Each structure stands twice: as C-alpha cells, then as structure tokens.
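Going down the list, the sequences are from chains A and F.
The numbers in the numbering used here rise by one with no breaks, and the one at position 160 of the first sequence is 160.
The numbers in the numbering used here rise by one with no breaks, and the one at position 255 of the second sequence is 255.
One thing to keep in mind: the hints can contain errors.
[Stated by the list, open to error] Derived lysine to any residue pairs resembling SDA-like cross-links, with alpha carbons at most 25 angstroms apart: (1) A:Lys-84 - F:Thr-31; (2) A:Lys-106 - F:Pro-50; (3) A:Lys-116 - A:Asn-294; (4) A:Lys-218 - F:Phe-79; (5) A:Lys-106 - A:Ala-80.
By construction, these hints were calculated from the structure, which means they are not laboratory data.
Here the structure is a predicted model, which means the values were calculated and not measured.
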Amino acid sequence: MRPRHYRRCSRRQFLAGAVSACASGAFSLAGCTIRTSAPKDPSQLNVYSWPDYIDPAIIPEFEQRYGIKVIYDTVSSNEALLAKFQAGASNYDIVVPSGYMVKQLKNMDLLQPLDKDRLPNFKHIAKRFSTSLFDSGCQYSIPYTFGTTGIGFNQSAFGRNEKDEPRDWDVFWDRRLSGRMTLLDDPRETVGLALKHLGYSLNSVATEEIAAACAELKRQKPLTMCYTSDQVIVYLASGDSLLSLAFSGDAQQAARQNGDVKYIIPESGASMWVDNLCVPKSAPHPENAHLWLNFMMEPRISAAIANYTWYATPNDSALKYVQPELLASKSLYPPQATLDKCEEIGEIGSAIFAYDRMWTELKCY
Amino acid sequence: MNSQTLTPPNSARALSSGYAVLIPAGLWLLTFMVLPLVILLVFSLGHRDPLGRIVLGSSLDNFARFFCGPYVACLCRSFCLAAFTTAICLLLGFPCALWLAFNLPKSRQNLYLTLLVAPMWTAFLLRIYAWITILRPTGLLAAGLRNLGLENPPVILYTQWAVLLGMVYNYLPYMILPLYSALEKLDRRLLEAAADLGASPWRAFTAITFPLSLRGIVAGVIMVFVPALGDYVTPDLLGGAKSMYIGNLIQNQFLTVRDWAFGSAVSSILIVIVAAAIFIYLKYGDTPEVRD
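The shape of chain F in the complex, shown without the other chains (with noise of 0.2 angstroms):
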C-alpha cells in the first residue's frame, strides 16, 4: 500500500535496477515477517492440548470463539483508545509542527527537533514507571496538590485517563515529525500569494496549509494508531492491568494460558483489521493532494 503512494514515478531501468537492491531487505522480511506471518496463520488453526501444546489442525474455532466472547469487548476499547490517542496527538501535535516549521529560523530547528525525540533514549519503560512515581497516591502529584491546600487530590492513576495520558505521551513525536515534514516542504511563497490576494490567514490556514500537510497527516495517523492499537504495556503499567485491551489478550494467551492457537488467531484478526482499515483509510481518506 504504501509503495503505491510512496514510490515516485520511475522509468523501466530504474526499476529493474531496482530490484537488484532490494534483494537484502526482501530477504530479511521474507525471513522475518513472512515466514513468521504464515506460521501464525497456520497456528491459527490448530489447538491447545492440556498440557499447553499446540496441536495443528484445521479448525476454525478460535476465530469463533473470538467473536462469541468478551473479545470483541476487548477489540472496541482498544480502537477507541487507539483513536482518541490519535486524535489528541494530531490537535496536539499540529500546533507544534506548524510552530516547529514556520516560527522558528532553520537554524534551531534541528536543535528543537533533537530535543523533541531527547526522551526517546531512555528506555520506553523507564519513562512510564517515571509517570507511575508521579502519579502514584503518594506520588509527586497528589503531594504537590495537598500543598496547594487540596484535601484528598485525585488519583487518576490505574484509570483510563492515566492510560490515555501515557499513550499520548508516548506517541506525540511520532505524530509531530512527519507532520513537520510536510509543513517544512511547503512552499511558502502560496501563502504570501494567498496574503496578496486578500486571503486571512484562516483562509490561508484552511485552503492551504492544511491540505498540502496532509500527506503528513496522513503518515501520522498510521505512526500513531496502528502501533497504539496493540500496545499492551501502558495499559499494563499505567491502567494497572484492570481493563484489557486487545494486546494483553494477545500476551495473555501466549505467556499466561499458554494457548498459542487462539493468540496466533487474535493476532490474524488484529493483523486483517489493522491491514483493512489501514486500505481503506489510504483509498478514501485520500484527496488529489496526497496522491498527486
């Protein structure tokens, strides 16, 4: 999907040539996404045993059974997490973008731009057990508010905002990079035309910086949501494991039940969802623009 919108025009020796270079790479996915891809699939269709083997087979039962039960459950609170997470980082992110690209000279830029991902080379974990000490009921947090004179400070840690604020915080400078991508390639000299002609700079805002960013937010949007969607450490650590979303379900059956076949099975489904919407997100949600 993405070579299609990705991959400029090339003419016939240019792609042949190629072809010869993807080589490498193309090995290393057949090996390392391929291969694994069909191994889950056909776990799919087997079973456990007692003894928490798995027996292959070729039922269909674990699809069955994940439609029947509490799993869809599970499959509706991970999009909507998936999409508020996303839907927070693209108002939140777009500000920082635009400002990050239009505001500051090109020679800070790249300073602010390192700052922007400094967090990232600390471990993913530590971080979220740093949001744990501060916002823990005798964290950094409630103390501060008591000493505001706040008599019993809410906790919101092990609640779905806590889970919601760590995927955020997560996420953001996942959104925030491609977006600044796009808006860093926007020629400005649209903008100062749309000023000459009288447009206000909303006008401006609506009519042409949003759409030419748009392939950024597109990029985005995928960055942030498809990985969001099957996070299941944040939820662990920060919604104190008391709602599963569909992650844990997956981890849960491979490294507490032992039931291989119905993770591999969650996992296709999630693998056909993601995929799907991922399809129809880029054919429809597309305008002239991105695909120009």
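The following block holds chain A by itself, in its conformation from the complex (with noise of 0.2 angstroms):
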C-alpha cells in the first residue's frame, strides 16, 4: 500500500473495487484470470511489480548477461497481488510486497526461504533491514525500497519562517489550516498517525487506545478537506492542501513541482515501510530467481533503480551511485537518529477490527 500504487493505478483500483463492490466478491474472484500459459521455458523469468518501479534499461543487461528472457508484469496493490495468488496463480517467479504483506504471503505457507549461498550481493544491504518485523533476518525477503511516511507541507502556510514550520502531529489539529489539509484514505497509516499523536505505538492492539486515537481524529475531521491517497502530489503541488500525510516518495515529488512544499519526519517518529523482492514457494524458476535477486543488489544496479524511481535504496553499497540531491534529501534518506524513531506497521492479526469498525465510525461521524 505505498504511494506509487495508489497514484499510477487507482483507476484500476477503482474499477477492480466496482466489480466486487457491483457484482460481490465471488464476481471478484472469477474476475481474477489465472494466466494458464505459464510455460517451463528453463530460460525465462517471470517478474510481477509495480508500475514503473525498476529503470527499464536494466532489464536487457540481465536478459544479455544470463540469456535469460525476462516477463515483467505489473500489479496494481498488495491486496490485489494476494488475489492472484488466493485465486491460484502460480507462474511468478518474483513478487514485491510491501513490509506486512511479506509477513502474510510468508504465514499462508506462499513464500520460498532464499538460498543466500547463491545471493552473495546479500553483504551490501544494510544491516538493520535485517531485524524487520516481518522477515527478521531477510529468510523469505530482500529490501527493495524504503520510505516513510509523514507530513507534507507548504511553508507559505508558515510564514516561510523555519521557526515557525510544523515539527510534529499536534499541527493536523491546528484550527488555522482548517480546510486545507489532506489524509491519508488509509486506517492502519491515519489511525497510526493519531496513536503517534497520543504518544501510542503504531501497532497498537489495546482497544482503549484505538478508540482515543480515533476520538482525536473525529475532533480533527472537520479541518481535513479530504482522505485521499491517491492526490497527494497534485494538491500538494497546486497548494490546495498546505498540510498533507503523505509518503515520503510522493511529498519529494510535490516538492520537484512546487518549491514551497517541504517534508518532515514529526518529532515523535512515523511509519517506515520496506517494499521486498521474494521468490514464491510455486515459481516455475526458482533458479533464474535467485540470479535477478542477487543482480538487483548489485550496487550500481541498486544505485539505477533509486535513481529511476526516486525512491530510498537500503544497499549502502550502492550510495555513491546516488544522485547526490537524492541523498542530500533528508525526507529520502532520513539520518539513523530520526530512523529509530519510526515504526514499521506491523501485522496485527485480530485487531484489525477494531481499526475497521473505528475507522468505519470515524467516516459515519
């Protein structure tokens, strides 16, 4: 659920969300095509990712190094990519969930544990994406990109005075910007915010706690102009929102559009998420799959993606490739200190609910 799914393909969202809100989910189900032709070809690879989310002039270079042809298909959510696989599917050699979906795919027995011995790329990582919540010790998962997720904002609505700029939650509640501030349409990241307001964790499973963080938020509603995930770009650049949650990606692109626009990780920490490469239990070419893990870490292929997609790169080897204004960025590549203060949203099994049912009251409010 990070920001470039929501904005290069909401509309198919949007209408993947017609079917099975129109038609049920069973409509859904059977709308999942479960692509048969999956052929064994020893020489192919089949690559399923996010839109625009790799340099694609790095493609042929594997394809001519290894002989190897690559299929890349393209998903539109995480949510869309466990369907695929509750519907069936079973022809992709490589996936890239994001951070809790590792942890469900890997739960429900999808995933195949990496061979490290054929990854030696594996040391350039960096060693903390190695105490993940969701895959501690990288077993089923390597670290792709990294982002957080915090508040986008427009200093014209701070008097241009550092001084006066937002440092922390509290300012989503500040009477002033009524009108003119945006969150996310997410609970776990909306609700998050308001636990991290209330100085709770993220991952919070106590009721009473989701309940006050969801009482803040209904005193809050009436100064958002909208939940939204999927225009926080356009109205952050255009000025409509002077105050956005907003995925770091996303608020670093504002920024390259509107130069008043500027990104902080709030005081008291964020949400940090990891998009991963894995290898499913099915792959048809489990072999071909560890050959693209370990060229994917390669450091100037890393430091090529990170400069394609403007996203974080966790490979340290691969830093000096890096456009130097990427990593100048403090919004992209946040300093250690400020990185331990932010929390992976974790999964949180049964309490789910409780984020559903107040989220779902929060909206009827």
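These two chains come separately, so use the hints to put the complex back together.
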C-alpha cells in the first residue's frame, strides 16, 4: 500500500473495486484471471512488480548477461497480489510485496526461503533491514526500496519562517489550516498518525488506545479537506493542500513541482515501510529468480533503480552511485537518529477488526 | 419482476420458441449472475481468519454485526443520497424529456439525444476528475468567483453537495432517456382533444401527459436509484472519502480489510433490500396505465 500503487493505478483499483462492489466478491474472484500459459521454459523469468518501479534499461542488461528472457508484469496493490495467489496463480518467479504483505504471504506458506549462498551481493544490504518485524533475518525477502510516511507542508502557510514550521503531528489539529489539509484514506496510516500523536505505538492492539486515537480523529475531521491517497502530490503541488499526511516519495515529487513544499518526519516518529523482492513457493524458475535477486543487489543496479524511481535504496554500497541531490534529501534518506523513532506498520492479527470498526465510525460520524 | 411488466402477452407457441431463444442469455446469466450470487451467500455465512482468508461456515454473525454496528447509518445515508439524486434527476429530467419529445422537430431529436449521451463516451472517472478540477480550492469555479470580487468563495468540493452534484450529473441521462421514450410514444391527439374540450395546458398535463409517462418515470427511477445506491466512486472522489456510503463499506471489506465474509453479507443485504424495494415499488407504485 505504497504511494505509487495508489497514484499510478488508482483507476484500475477503482475498477477492480467496482467489480467487487457491484457484483460481490464472488464475481471478483472470477475476475482474477489465472494465466494458464506459464511455460516451463528454463531460460525465462516472470517478474510481477509495481508499475514504473524499475529502470527499464537494466532489464535488457540482465537478459544479455544471463541469456534469460524476462517477462515483466505489474500489479496495482498488495491486496490484488494476494488475490492472485488466492485464485491459484503459480507462474510468478519474483513478487514485490510491502512488509506487512511479506508476513502475510509467509504465514500463508506461499513464499520459499532464499538460498543466501546464491546471493553473495546480500552483503551490500544495510544491516538494520535484517531486523524487520515482518521477516527477521531476510529469510524470505530482500529489501528493495524504503520510505516513511510523514508531514508534507507548504512553507507559505507557516510564514516561510523555519521556526514556525511544523515539528510534530499536533499541527493536524491546528484550526488555522482548516479545510486545507489532507489525510491518507488508509486506516492503518491515518489511525497510526493519531496513535503516534497520543504517544502510542502505531501497531497498538489495545482497544482503548485505538478508540482514543479515533476520538482525536473525529475532533480533527472538520478541519480535513479530504481523505485521499492518490491526490497527495497533486494537492501539495497546487497549493490546495497546505498540510498533508504524505508518503516520502510523494512529498518529494510535489516538492519538485512546487518549491514551497517541504517534508518532515515528525519528532515523535512516523511509520516506515519497506518493499521487498520475494520468490513464491510455486515459482517455476527459482534458480533464475535467485540470479535476478543477486543482480538487483549489485550496487550499480540498485543505484540505477533509486535514481529512476526516486525511492530510497537499502543498499549501502549503492549510495555512492546515487544522485547527490537525492542522497542529500533528508526526507528520502533520513539520518539514523530519525529512523530510530520510526516504526513499521506490522500485521496486528484480529486487532484489525477494531481499526476497521473505528475507521467506519469515523467515516459515518 | 420486469418480465411481468415488460413482456407483451404471447401465444403459447410463441412462448415456447421464445424460451429457445433465451438459452444463450440464460446460460450467461446462470454463470455470471446466479452462480456468483450463490457463492456470495455461501461466503456471507463464513468468517475471516487472522490472515484474511475466508473460512466457510454457517453462522449469521456477519448479519448480526451489520445491524448492530454503525453500518445501518451507512445504509440510511446511502438511501438518502440515492433518493435525493433520483428526485433531482426526475425534476430536471422531466422538462428536458418533454422539450425533446414535444418541442423539437423529429429531424433534430436524434441529434440532441446524441449530444445527451455524448459525455458518456469519455471515461466516467475522467469526468469526475474534471469536476474536481473545477471545484477544488484553487480551481476554476473559485478563481471565477474571486474575479467577480468574492473574497472567500465557498468551496463545495469534498462536501455532500459535491457528491450530490456529481451523482445528478452522472445519472441524469439515465432518467431522461426512458422519460423521452415514453413521452415520444404519447398519442398527441389526446392532447388536442383535451384542448378542444377546453382543458387548460396544466389540466392536460396532469390528466394526460403525466399519467401516460408513468412507465418512463418508473423505468427512470429504477435506472437512477439502483446504481446510485451502490455508487462508491463518486462519494470517494467528490466527497473526499469523508463520509462512508454502503458501496464504500463493501469495497473497504474486500480491498482494505480483506473481510470477504462480512463484505459478502453486506452485499447480500443490499441486494435483498434493493430487490424488495423494487418489488414493492412495482407492485404498489403501479397505476392501471402502467400495467395495461
């Protein structure tokens, strides 16, 4: 559930949603086509990733070096990826789920453990990514990109004075910005904001903490222009929104279009997310998949992806090839002290019911 | 229900050959309509496991949950929105259809009907995004009002008014077309006779035009009300996802919370309510003219 999925594929998500809403889940199950062609050609690799999530120039490089033909297919959301698996899709060699979805797929026994002996380039990946909540030790997943969800704002609303700029989440309750702020249309991120604002963990499973967070959001709701996940760049860049809960990549893109836009990670911390490369258990070409994983972790290749997508690379050795202006951005590559305060959104089991219920109540309020 | 009102009376032989013609469409409906509905019902009796998979069962918990939670408010809100949309479409659409059918020469009617449906050749989402561009705080409408000297022009984007505007805009053609086709078939000699006998235009309208267009009104109301009830894209985009309607609730269950069982239950409830509403509407909202 990362920015690009919303941004670049919102329409497809809407259509998929329209199908399930109009014609029920049963119909949407039928709608998930399973590609039956899956030829077991030994010199092939089927990659299933997000749109625009790789520098297209590096695919031919891989094909030439290893003599393997790459079939690159894209998906619009983590949930759609899961739905493909639930419908029995079995011809993908590489998938790119976000952290919580890695855990979900792993728990459903859909991923295969990676053979680190065949991945010598794994040594380039920063050590802190080995201690993730969703896949400790990177047994099933290789981190691909990472980012945070923090505050994107327009300096003109704060007198262009650095002292007055927002520092923490409480700015979302500031009446002076009434009607000019946006929150994400995502229960985990937005309720997470309120939880952080109250000093709780954004993975809280305590009903009273979640309820307190939702009470705060109800208090905040009259000030909100809208809950949106795919219009954040547009509204920050146009100045319609002066304050947005934003994914770091989105805020970065808005800042390129409008010099007044800035992004900060609040003092009490934000949510941090990682997208990962995984090999499904059913992969027809696991050897080729490992070659791809190792290739992706080559410092020069990792840097090419970071330079193309503007998302941060977890590859330490790649940093020297990353464009200096990207690297200088604190919003893309925050210092360790800032990262230490951030939390991953984790799978919270049946507490999701509490989030859902509170979220629905907030929307019906 | 529709067959009762729409199928003209037939002889037995014509009926049996009619059934043969129905086979392809029947098979299609069986596969893509009846079967999914059965799956929907089966799913609605199950529940979600912690991983979001559906576990089949035979419990009515999902239905109980719907009627005890904040969800009934969603349903009422959706009903109000759909009812207002339908009413406004009818109020705006009837004069339009009347003008199209009565005041335009036959040769020009097709041109105007084409113009009426022309916007639908563009993608629905594109048209909604166009409304966003017009209505947003830095958009065309606000800029225009500011040029007219208004200091702080009201922003209606992301209010319920914007949702209503978008719905009426989107569903108006679906109201006008059936109204037009009913009015166009109206026998003008009746109106001439009424005038000859001294009826005022208003009297002629209430005694002849309106009752004879009831079939079109019934069709138009159904064609607007039913999709408006389940619409979730318009509330999401023009309402800023700030208020949840029944369509959003269902979409949320399938795509965000991954609780397919509850989503199926809500869908089933919606289908039953809509079916019941249409049934009652056709049975009691009917006049002898419509049944003819």
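Okay, the hints, checked on the actual structure:
1. Using a Cα cut-off of 25 angstroms, the hinted pair Lys-84 (chain A) and Thr-31 (chain F) holds, with the two alpha carbons roughly 21 angstroms apart.
2. Taken as a hint, the Lys-106 (chain A) and Pro-50 (chain F) pair is honoured in the structure, with Cα atoms around 13 angstroms apart against an allowance of 25 angstroms.
3. For a cut-off of 25 angstroms, the pair hint linking Lys-116 (chain A) to Asn-294 (chain A) stands: about 10 angstroms separates their Cα positions.
4. For a cut-off of 25 angstroms, the pair hint linking Lys-218 (chain A) to Phe-79 (chain F) stands: about 24 angstroms separates their Cα positions.
5. For the proposed pair Lys-106 (chain A) and Ala-80 (chain A), the alpha carbon gap of about 16 angstroms is at most 25 angstroms, so the pair holds.
In summary, the structure agrees with every hint in the numbered list given earlier.
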